[in-house]
Amino acid sequence: MTTAPEPAIHCHSVSRRFGSTVALSEFELVVAPGSILSLLGPSGCGKTTALRVIAGFEDPDSGSVTIGERTVVGPGVSLPPERRRVGMVFQDYALFPHMSVAENVAYGLSSGELGRVYEVLELVGLAGMGDRMPYELSGGEQQRVALARALAPRPTVVLLDEPFSNLDAPQRERMRREVRRILLEAGATAVFVTHDQAEALAVADMVAVMREGRVVQVGAPHIIYARPSDPWVAGFLGDRVLVPGTAGIGQVVTPLGAFPYRGRANGDVQVMIRPEWIHPIPDDDGAATVVDREFYGHDQMVLLELPDGQHVQARIGPRPLLDPGDRVSLGIDEVVVYHGSDLAAPPVVPPAD
Amino acid sequence: MRQVTVFIVALALLGSACSDSGFGDTVTVYSGRSEELIAPLIERFEEQTGIDVAVRYAGSTELAATILEEGAGGPADVFFAQDPASLGTVALAGRFSELPEDIHAAVPARFADAAGRWVGVSGRARVVAYDTTVVSVDELPATEDGFTASDWRGRTALAPTNGSFLAFVAAKILLEGEAATLAWLTSMADNDAPTYAGNSAIVAAVDDGQVETGLVNHYYRYRLAVEGPDTVVENYFFPEATAGSLVMPAGAGILAGTPHRDAATTFVEYLLSPEAQEYFATETYEYPLVPGVPVASGLPPLGSIPTPAVDLSLLATELDTATDLVAEAGLL
Amino acid sequence: MNDRPGGAAPQVQSPEIGGVLEAPPGSGKRYERTGRAAPPWLWAAGLLVLVPIGVPVASMLARVLGASDGAWDVLFNARTAELVLRSALLTLLVTTAATVIGIAAAWIIVRTDLGAPRLWGVLMLLPLVIPSYVFALSFLAATGPRGLVADLTGIAVPFLDGLPGAWLALTLSTFPYVFLVTAAALQRLDPALEEAARGLGASTWRVFRTVTLPLLRPAVGAGALLAALYTLSDFGAVSLMRFDAFTRVIYAQYAGRLDRTPAAVLSIALIVIALGILWAEQRTRGRASHYSHRPIRRPTRHRLEGRRRAVAVLFLGTIAALGVIVPVTVLVAWVVRGIDAGEQIAVPWNAVAGSVVGSVLAAVLAMAAALPVVVLAVRYRSRRTEALERSVYVMFSLPHITVALAVLIFAVRYLGPLYQSLALLVVIYATMFLAQATGAAKASLLQVDPHLEEAARSLGKGPFRVLRDVTIPLIWRGLLAGGALVFLTTMKELPATLLLRPTGFETLAVRIWAAADELFYARAATAALVLLAVSAVPAYVLIVRPKDATS
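Protein sequences appear in the order of chains A, B and C. Residue numbers are given in the working numbering: position 196 of the first sequence equals residue 196, and the series is strictly consecutive. Whatever position you read off the second sequence (first residue = 1), add 353 for the working numbering. Whatever position you read off the third sequence (first residue = 1), add 685 for the working numbering.
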């Protein structure tokens, strides 16, 4: 693990268009060495293009990318991919079909580093499978080989393009944990691209949310989840409840109640609440009524109707089981306030109930 | 991968061996005479002298043009042509070197270049080959002009790219002038004269029944008779001295600037040797030009053929015009 | 694509054309264009392939344009007008006949229950192995008062030469192209359309005429134009048949005159005409590719009964007989005849060596030259790479005699030791037929995931090593198929060999033609049989078992 002060990857104002489509628009990204960062965004937001620019398979129209201490692309400079020391794991794994597992993994090494091949195969949990051919392997095994192959030459960074989208659901869960473990154990700096927010939040140390060619928020998963920078990011990262509110001095008033507020906004605001921050308490005098519930085994989503007719969702544990028609009162942990479409107001303290 | 590379390289070497001659002395001969006729003679030469001969077979006119285009430093060492017009063309361009005196003097003067640049090797007469089963001798006209008549439509074959034919046209220009020659050529074209690539093709076609008559050289008929005694082709010599009864030699010359001068000289000498002359007499049924070699039986004596008095060295001067006229008439 | 239940006409990897006509629908994953510009050395290699033909032809054009008026006379006179009309007539006749035969055969084999579709399909394609001049040779040797037929049956069949002979020989040489594209198009046609028409009461013939045929038109048009191009370009058959078409006249002008300029002028004229046809073919092909590529369910095959069935069998049988059986029989008969007459019949080993060496070298060179073009076309696709591909196809379409003449004139003046060298001849072979190699290689490369090459790059290997380690191992089958095509075509090639070969270098093609031209039929037949025998192996792989030939 390196503790170099400069970032492992620094993309500065990278722009790229394909014809009339803008893929990247002054894209900025900084990746700390040894960390796992996820580029998260809807399809078409440019995340794969960003990855390919870093790897060297696309040349940006403007901007620069630095990996470690070297500027790999910038004004007057464009290193070919083979000189960037960037490992790449493709969505379809791209294992060489005419080479064995060991040959695949050894491909990026200079000859004679057999030991490293075994080391890396063991790291990914495929010790002893060196002689197999790619077509003999399952999806998860192929992915491990792809990862091993990318890690073997000790690249400065490893890039993964939608690494889990080709796996079925149970495999996906398992491989997420595995890949994170492997990357951490290898001490690698990694960037992976995904459109699945659950994946990003679960696997990455830092998440960069992209929209229409630029990064709109970067942060640790728990922070960006709890403090998304705008309602769109909020909605992209998870379920959200959005209600109108009125901000005044010291407080913001919403259909769910009034909360302390120390921001500078005044007047009409939007208030975002995560369903799990809403706690319905059975109360015959409660203001809200249960309309419907979806039971998921480990939790349930409850649809509540407020006195003014609005519906909000709350996420609670499996017990107690609430039925439609039950009256509840609501406890709220915290809210996030948005003024216009700007970045959120400063953090909000839990209501003093 | 390695084996494939070795295989390719071996092939390439084999390929160049196919085209290049081997060790020892070599000589490159451009031959306007057909392979069928002279390959055996060349083989004998190779066996006797150990000199490798690379022969390029094509039409005499085509080879003359090629030699001119190649210019000095071209690959040819010897030009062995069917007719004096092709030889003369190369001589006029200064591409031949002078032959040694003994070679040049081996044949009668009218069968060699006055300036010693080429020498005749075997004599041939222009004749009409005809299918005896469908044409009788009395029908045949006294000169080639007779074939332009409408009742000869489509019945007389020509070989417009053939060296001997073009030499004949050149002779006609010398004897009768351009206008008359063009008129004859045009009439033949209008008369639907079938065209063939060469003399042997015409004679074979006559024998095959494809066409009734053709203007060719005399010796083809005899070779055909040897191969298949039931041939129906006969030669008809024009009774009048006309361009169509031209007697001219096939001959050879040595290209100036050839690096294989000695081998080339040996080759030309061989063509005039008793052995080769006998070959021309008995195998190809031509007239040997070196005195003292008997003609094959059955051939009319050379002196008895009514032939026009044409200076053969002048044929070359009209060759270009001849080809133009042939093209203009629509035969080419 | 390969295991279509309804029909089994061999698939689109057509011999002679490779995948140039059209890549099979659905081939190739959707690929991203590589975002980096193609490296300049790749472009240099790609453009280099255009030089061996481009430069001499341009030089010949310059010479012609700068020529004196006298040379232009050969172009602007009544005789040349006759020449154009004659060639046009032959082309029209051949194209029409080839189209009718090709469509009919394709429809019968693909759309009816005649049976044995694979066998019939192969029989319809086998004529592609036989050079046009061998067809000509066999018909000339069979007819006439002393021909084979007269010998065997006593009936003096009229001599088949001139226009009728050329027409027959060239029709048999070209109808397989039309057959191939039509069969492929028929297999992709949605049978629901024809079924709907029948449900509305149309008879089989009416359905064919009003529904099937119009839908087939673009594909058929492309095949027909290809047949026209081939006819215009053919030299061997028309010269043996002694039919004064353009190519024969060009050769006569070259061989019979001291000045090469008139031949050059006529060559340029022929090139212009060929380019015109090519342009028309490209436009037709463009429309053909707009067809839907939906997966087709099995089409119902029409039932043929009684008289109809007999007619169909008779038709296909006649074509197969004329296209394969008759020529081979005539050749064998003539060899036997020659042996009986005491002629010296021997395998012409020198010619065999020349043919094989020349063809193998040409195939190898073409495969190598195809790589940069194909990598540019597939991985760095742009308007410019498409122009490069089109140029390669133009080179393929130029009549060989005109290319040979241009190269000969250029070489004798400017290329010194390369003049009359085997190296030059092989280079010209490879560039003339490059389109076959690129077509096959391109179809292969489209199937290869570009991520494989990118993965190799990300692992530190430069473009050359990636080509060697990843790309070539994955496309070698397609590349080899292209090489086999080039081998076959070079074996048959005649005019360029005639004009450019080294002294003493002989090929089977030259030997057949030269012998046939002098009516030495037995000798010609021997060489022809040897040629067919040598061509048999790659032909078998390409025609009978196309699945093995493609990756």
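Careful: at least some of the hints might be erroneous.
From the derived model, a few chain C residues whose C-beta atoms are all more than 10 Å from chain A [what the hints assert, rightly or not]:
id: 1; residue: THR797
id: 2; residue: TYR1078
id: 3; residue: LEU1159
Pairwise CB distance ranges (calculated) [claimed, not checked]:
id: 4; chain 1: B; residue 1: GLU529; chain 2: C; residue 2: LEU848; range: 31 to 37 Å
id: 5; chain 1: A; residue 1: GLY44; chain 2: C; residue 2: ALA965; range: 29 to 35 Å
id: 6; chain 1: C; residue 1: GLU1071; chain 2: A; residue 2: GLY125; range: 42 to 48 Å
id: 7; chain 1: A; residue 1: TRP232; chain 2: C; residue 2: GLU1071; range: 38 to 44 Å
For the record, the hints were derived by calculation from the structure and aren't laboratory data. Note that beta-carbon positions come from the ideal geometry of N, C-alpha and C, so glycine has one too.
Could you check the structure against the hints above and give me the numbers of any it violates, in ascending order?
3, 5
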